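Listed here are the chains, written in short residue letters.
Number of protein chains: 2
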Amino acid sequence: MGLKYQEHFTIPFDMVDVKQELKLPPFISYCLGVSGRQSESIGRSDLFVFDEYGLIWVVTDYELRINRLPRYNETITIETEAVAYNKFFCYRKFFIYDQDGELLFDLLCYFVLIDFETRKVSPVPDDLIAPYQSEKVKKLQRAPKYNDLIDADSKEFTVRYFDIDMNGHVNNSKYLEWMYEALDYDFLLGHKPKKMQLRYVKEVSPGGTIFSRFVKDGLVSQHEIDYQGQIHAQAVIEWEKR
Amino acid sequence: MGLKYQEHFTIPFDMVDVKQELKLPPFISYCLGVSGRQSESIGRSDLFVFDEYGLIWVVTDYELRINRLPRYNETITIETEAVAYNKFFCYRKFFIYDQDGELLFDLLCYFVLIDFETRKVSPVPDDLIAPYQSEKVKKLQRAPKYNDLIDADSKEFTVRYFDIDMNGHVNNSKYLEWMYEALDYDFLLGHKPKKMQLRYVKEVSPGGTIFSRFVKDGLVSQHEIDYQGQIHAQAVIEWEKR
Chain A
4 MGLKYQEHFT IPFDMVDVKQ ELKLPPFISY CLGVSGRQSE SIGRSDLFVF DEYGLIWVVT
64 DYELRINRLP RYNETITIET EAVAYNKFFC YRKFFIYDQD GELLFDLLCY FVLIDFETRK
124 VSPVPDDLIA PYQSEKVKKL QRAPKYNDLI DADSKEFTVR YFDIDMNGHV NNSKYLEWMY
184 EALDYDFLLG HKPKKMQLRY VKEVSPGGTI FSRFVKDGLV SQHEIDYQGQ IHAQAVIEWE
244 KR
Chain B
4 MGLKYQEHFT IPFDMVDVKQ ELKLPPFISY CLGVSGRQSE SIGRSDLFVF DEYGLIWVVT
64 DYELRINRLP RYNETITIET EAVAYNKFFC YRKFFIYDQD GELLFDLLCY FVLIDFETRK
124 VSPVPDDLIA PYQSEKVKKL QRAPKYNDLI DADSKEFTVR YFDIDMNGHV NNSKYLEWMY
184 EALDYDFLLG HKPKKMQLRY VKEVSPGGTI FSRFVKDGLV SQHEIDYQGQ IHAQAVIEWE
244 KR
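For the record, the sequence lines run as chains A and B. Per our numbering, residue 4 is the first one in the first sequence, and the count goes up by one each step. Per our numbering, residue 4 is the first one in the second sequence, and the count goes up by one each step.
Where hints are given, some of them may not hold.
You can't tell identical chains apart in this list, so a pair holds if it fits in one copy or across any two.
Said to hold, decoys possible - Straight-line distance between alpha carbons at most 16 Å, and here's what the computed EDC-like set of lysine to aspartate or glutamate pairs gives:
id, residue 1, residue 2
1, Lys148, Asp64
2, Lys26, Asp168
3, Lys197, Glu241
Derived from the structure by calculation, the hints contain no laboratory data. Remember, predicted model here, so these are calculated numbers, not experimental data.
Generate the whole structure from the sequences, applying the supplied hints.
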């Protein structure tokens, strides 16, 4: 088990949807901020990792299991730990609790370290990871697989100025937003996500148009973000009726 | 002078643009959260105002004067006070300071109280406003005027699911986003706002399409959000070269 880190957070007005329930795309970004503060607190800020190792953290996959989404003004506890790592991958978990200590949802993230110069995945340096007290393992559970989409519906989105983050690419949270937005307004009103897997394949650059493709079969939707003829992100979402 | 209230805030990753500078649209929403916490702290939460008076606060106008926009990870101080009010209008100011106490920018908001049942503007009840220690005045400075746009350029935006807030309408911050997004990517990269005035005229409902119209004359851009043939928001932004 890794070193645990906790923060409390009260869900603000602009992080809930019309149903008064948490918007997952900005909240996942917020969680990355929480893990960033853990890293800072143990001397492993992004800046330190970049300066000392020439490496940057990149999220490749997410898995979420959702019991309940918190509501406007609800105070939650975000607990995170870097659970385990092998040669190339690091697992981080987030547990989101309500004020009674009930688990609202959990979030598993797969991280890799990218060499800033070569843009290639780097082996995880043991001394970089040491302060997290993560377990070093030979094998890690593989990230979920994705099927090709057949007969997909598609919605077009223009990449906007505010979609681009300070790394010069579309911010990861936008992919999940585009996946949601491809679905019907009324479907989103009447359903909530129960389980989600999400993979980031490639970055999207400023300018141009992406296609948010999806296949919805009952309460499961499969998603793909296509840009210039290539898959840039994939997801599977299991929904339930509200 | 009104009762002052302060909070510190460290600018998170997802609140900066590609230039590593603060995104104003979500930050203005954040400021409203700060004033909400001041109101709570003096027993005037939105819920209390609604339950006791049947009233809701609505922002009609903003004015900003910007010296410098804070950058990623910079810790700022947000100071706010409800400065003055007359029969129908309340003024609130926000002062944003850097860590050396230098003023980064200020933000003046014009608020009115709307009767939830009749949807009409209500006179400001003295006992509601008393804890803010605002000055009651006969006349308040009028909000800035706006010109009709002639030969405007226009960009179309579809109203998205995540644009809708828990009041069931497009969130105010989206209007300013649509105004920015109507401008050139390269113009936004090369310029920063110096002065801004912004007026909310009408709410936009879910579904449908808005037109973000603008006229840019040198370093001044005038904006309008049109929906179903009517003006829903207006702005004038003065820019300067970076």
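Against the structure, the hints come out as follows:
1. Proximity of Lys148 and Asp64 under a CA criterion of 16 Å is satisfied intra-copy only: 10 Å inside one chain copy versus 50 Å between copies.
2. Taking identical chains as interchangeable, the C-alpha atoms of Lys26 and Asp168 lie at most 16 Å apart only when they sit on different chains, with a minimum of 10 Å there against 19 Å within one chain.
3. In this assembly of identical chains, the alpha carbons of Lys197 and Glu241 lie at most 16 Å apart only when taken from the same copy (5 Å versus 46 Å across copies).
When the structure is compared with the earlier hints, no violation turns up for any of them.
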